[in-house]
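Novice: Quick note on the numbering used here: the sequence shown kicks off at 3 and runs consecutively.
No wet-lab data here; the hints were simulated from the structure.
There's no promise every hint is true.
[Claimed, not checked] Think about it this way: if two alpha-carbon atoms lie no more than 30 Å apart in a straight line, the pair counts; the simulated BS3-like pairs of lysine-lysine are:
| # | residue 1 | residue 2 |
| --- | --- | --- |
| 1 | K249 | K305 |
| 2 | K376 | K426 |
| 3 | K433 | K750 |
| 4 | K742 | K408 |
| 5 | K376 | K204 |
| 6 | K305 | K409 |
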Amino acid sequence: MLRIPSLLRATCCRELRTPSVNAQQLLVRTAKFQARTRKPVGRPSRARSKAKAFEEEDNQVRLLADDVPVYFSRNVHTWLSQYNQTIADRLARFGVPKDDLRSLLRTYTKAMNKGDVFRHLSYSGDQLSRIARDMTSNSQHAMDRYFTRMLFEWTSLPEGQEALETVVSPKALARMQSLFRAADLSNAGWEYTHTRGAPPRKFIMHVGPTNSGKTHNALRALAAAKRGVYAGPLRLLAFEIFDRLNKGQIVPLGMEPDPQAEPDSQSNIDSGDGAEKGKAVIVKTGNPRYARQCNMVTGEEHKIVSDTAPLLSCTVEMTPHATYFDVAVVDEIQLISDRQRGGAWTAAVLGLNAREIHLCGEESAVPLIEALVKQTGDTLEVNRYNRLTPLVVADKSLNGDISRIKKGDCVVTFSRMGLFELQKNIEEATKMRCALAYGRLPPEIRSEQAALFNDPNSGYDVLVGSDAVGMGLNLKIRRVVFETVSKFDGTRGQRPLSASQIKQIAGRAGRFGMHGDDTAGIVTTLHPGDLDLVREALATSFEPLHTARLNMTMESYRKIVEALPWESSNITVAEVYHYVSRMSPLFEFQSIHELEQGFLFIDDFADCLTLPMRLLATNSPTPWRDDFAVTGARTMMEIYRDSFRVPIDEMLRRGRLLKKLNSALVLMEGRVPAFTQKDVVPVLAHLETLHKVIALYLWFSYRHPVAFPDQEKAFKLRHLNELAMDWCLEVLHQMRLKTKDPAAQARKTVLDRRPLTKQEVTLAESDSSNSEKTSHEKVLSDKNDEFISHIVR
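From just these sequences and the hints, can you work out the full model?
Specialist: Now the structure itself:
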């Protein structure tokens with residue numbers, strides 16, 4: 003059956019709609035309308051952290067949907083006067099002839115002021131509500147964006163064209179209309195033609211707080227599927243599902259769990275009461291009857307068990323949309339609104355071609371998914387799960403006294419340097435060892451640190467972590483302690499955590515089946531001033547998500563590039579998405595601010611990159627805020643531009659990144675007679691960067707294997723880099739224990755739990771024939787001498 007979903011009906015009926023408010027009402031209300039100042043959101047954090055509540059712009063307003071046309075009519079001259087040169091420069095970049103700008107803007111402002119523009123656009127109530135909400139949250143920026151977007155949309159209407167064709171050149175009209183059509187994303191769902199032509203899909207949502215068991219029923223359906231796919235947010239989760247399906251550790255739907263089967267307490271899956279013995283659906287020992295062939299595909303690693311494997315485990319970005327599946331599972335669906343990665347979840351919801359799609363995540367995503375499913379003509383069933391162990395807020399904070407930290411606590415902070423200082427202070431005050439888990443650590447290292455914390459015999463009794471503990475890690479936490487309730491937002495300084503963020507982290511306490519069925523999870527704060535905010539956040543209901551993010555696709559990217567003037571920059575393409583693209587009120591384009599540095603970076607290499615390669619590089623997992631990683635990426639692109647072939651050893655040498663690894667290996671060999679935490683922590687930071695650059699190389703190697711040929715070497719280097727990172731974390735403990743030879747003891751401990759399989763680290767003597775003084779030199783080789791030797795001076 004071919005569907006005619008609402009997104010098609012909306013397009014067909016566009017010219018038949020009537021405005022939700024007529025023009026006469028708008029003009030009458032103009033004289034009475036007064037914009038209302040919005041009250042600040044949140045509250046200031048304690049003075050110690052100098053965190054501020056969300057600061058509103060001085061002239062920020064709260065609008066109702068019906069107020070929107072009046073507000074824009076009254077403020078069009080303000081927009082033009084405040085942004086005059088900015089508007090002119092932007093339109094010129096978009097290809098509008100400079101000679102036409104004055105007449106174009108004068109005619110547009112006159113029509114807007116009279117109410118003609120909104121009457122011609124005939125926006126629906128949903129569209130007006132969306133504009134009102136955006137204006138309330140960021141009035142100045144949203145006003146500029148909407149005025150520009152409406153200018154292009156109005157120009158493309160017959161009424162707008164008629165008003166403009168006598169005052170601007172045909173070239174200007176043609177350019178604007180062409181660019182508006184190219185950037186039109188109002189029918190984003192129809193890009194997935196295989197899915198739109200298939201029978202209606204059945205969506206099943208599994209929603210609930212952390213530790214509610216919302217995921218295990220979906221995974222059981224996947225294990226029983228004839229053909230199925232799991233799409234998760236992390237490579238670590240994708241690997242776990244891949245591993246467990248192949249080993250038969252997930253009990254398929256329709257089969258009763260073995261009463262004698264022992265649940266696997268090391269699972270990162272939220273299995274709820276499926277973690278009880280007798281009900282175990284994620285079992286410790288695999289059953290051959292349950293085993294299913296499953297491949298794994300992530301951005302930087304592929305594991306192919308069989309070309310005909312019926313199941314696939316992948317990260318969301320790698321989800322195949324053209325392949326038909328019986329069952330699909332999409333994890334952490336609330337990330338559909340994430341500023342950077344949300345577009346991958348949106349693509350999965352719109353594009354997955356599956357009979358049955360399970361969406362697991364937070365309650366906050368339900369209204370948005372309901373609206374999206376209505377648009378696509380599919381059906382939706384919502385299953386809600388309650389937390390299986392109670393979560394309680396302590397009566398008092400720790401009053402700033404870290405000596406009150408107990409075994410089984412997870413202490414949460416959000417500064418990388420603060421993590422190490424907090425770890426040091428806790429270990430000195432309590433004599434307990436602390437494992438670490440934060441975002442810059444690779445998933446494998448975070449998982450190892452979590453395993454040490456979970457193991458009662460490891461000696462690691464406390465976990466110090468960032469918000470990375472909120473997702474993808476199996477953690478036996480009794481109590482979560484917030485050291486702070488604010489974090490740096492990447493642009494404007496410290497911001498209070500949202501209620502959703504606090505709930506996600508706090509919910510890790512008291513995981514069901516970990517400490518006994520009746521053990522409550524406890525949440526508290528280190529400082530008294532933060533406890534009320536945590537209590538308020540946990541008491542509030544989830545704030546519903548309003549928009550799903552859209553990413554650049556090859557189809558829309560190509561159309562926009564072709565509609566722009568020749569040699570337009572990548573940042574100009576991004577501006578078109580932001581200022582011109584029309585889309586459903588349910589959608590929002592990915593954050594331009596997050597990608598700006600990447601766009602500028604790609605522009606430096608536009609002369610040697612095809613359109614697909616430009617888009618590929620833009621969407622690559624380059625950590626743009628890490629200057630050293632960007633230097634590595636730049637070196638990689640320079641080599642690609644020069645020879646179209648990038649050997650990894652040359653890339654690391656020219657990017658001066660191999661020297662960072664060698665520095666760690668020198669410390670690891672104990673060749674530095676004395677070193678302190680201040681020596682080790684920066685080395686670890688460099689290793690974190692190197693790991694990201696190697697991951698970037700691997701990402702490109704799967705997409706362009708001829709240009710990036712050293713995939714095997716890259717995997718070996720990544721393994722060695724992780725060994726050095728693990729050693730850095732371990733040696734910090736050994737130094738605080740005042741071990742006689744901390745480097746040697748840390749090396750022995752790490753090699754015991756992470757043995758080298760093929761790589762060997764050997765020390766090479768300096769070349770005596772070389773008169774130039776050299777530092778310690780490292781030769782990296784495997785048993786077959788296949789790995790290239792590096793000597794760093």
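Novice: If a hint holds in the structure, say so; if it doesn't, say that too.
Specialist: Status of each hint after checking the structure:
1. K249 to K305: Measuring from Cα to Cα gives roughly 14 Å; hence the hint holds.
2. K376 to K426: 53 Å, violated
3. K433 to K750: With a Cα-Cα distance of about 22 Å, the restraint between K433 and K750 holds, given a limit of 30 Å.
4. K742 to K408: 28 Å, holds
5. K376 to K204: The given pair, whose Cα atoms are some 12 Å apart, holds under the 30 Å limit.
6. K305 to K409: The hint is violated at about 38 Å.
Hints 2, 6, counting from the list given before, are not met by this structure.
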